[in-house]
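Working from the sequences, and respecting the hints, build out all of it.
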Amino acid sequence: MKKHDFLTTIGIVIGFGLTVWGMASGGTNLKIFFDPASIAITVGGSFAALLIAYPISAMKNVTKIIKQSFKENTSASTEIIDCFISLSKKARKGGLLSLEDDIALLPDKFLKKGLQMVVDGLDPETIKEVMELEIDEMERRHEDGINILKAWAAYAPAFGMLGTLIGLIQMLSSLSDTSAVASGMGKALITTFYGALLANLVLIPMAHNLTYKSSIEVNNREMMLEGILSIQSGVNPRSVKERLTTYLSPPDRIKFIEEQAKVVEVSENV
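Per the working numbering, numbering of the sequence shown is gapless, rising by one per residue and ending at 1542.
Keep in mind that the hints are not guaranteed to be accurate.
BS3-like mimics (lysine-lysine), calculated; alpha carbons at most 27 angstroms apart, straight line [stated by the list, open to error]:
#1 1336 x 1422
#2 1362 x 1534
#3 1339 x 1400
#4 1275 x 1422
#5 1400 x 1384
#6 1485 x 1381
#7 1381 x 1275
#8 1485 x 1339
#9 1400 x 1365
If you are wondering where the hints come from, they were derived from the structure by calculation, not from laboratory data.
As structure tokens, this is what we get:
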């Protein structure tokens, strides 16, 4: 199970909190910022546009897509490297078939599938082709979800403006009543406010959040594929480590190497 990404929740809470504080700081009643009709036009209208733009097969995953932005990637890159160093040591000593018990305990389905193909004796070209296709398909699914959020973010301000135009038309129809004009102007602008808030505080940040997480997951899976092929070819654990650390950023690589050196030093002193 993936961990909860608290930064996403904190960001949304802070964003809405500061917005509400700004709304209340002028001494105005917060009730004037709540208008059910404006919410229906902005949120409902923009979602209706999504239903037109995307098939039901894509739309049924909207809730799942949004939930993903509140979850962290399960495996850190350094944990993956440690896992492959351990597996390569075992494979070198007991052969590839000795990994079967370890494969059953692995939490990552992609990693389990790749190593199982190695144990089953498939050739490296086939394994690489199958696993790369799986990575490409994962990227495509992620991109589809991100595009849905981006489309919704584009529609929300547009429907906010549509609600504003409706409010202006209603306002202009009652120009003889000065108080109604002032009230109508305020209501007309609320839909634009809702659209801007929904797009810029929720949908666009979530799309960027998922883009970043997708790139990390792709990098991790490419690292796993490199590790799988390295184990199959009988590469020694040190070479496996050297290959996989190339997928880390320079600061993470230095930190990982330092941690590995400390582990070696401790084991030598025991």
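If you check each hint against the structure, which ones fail? Number 3 - this is the single hint that the structure violates.
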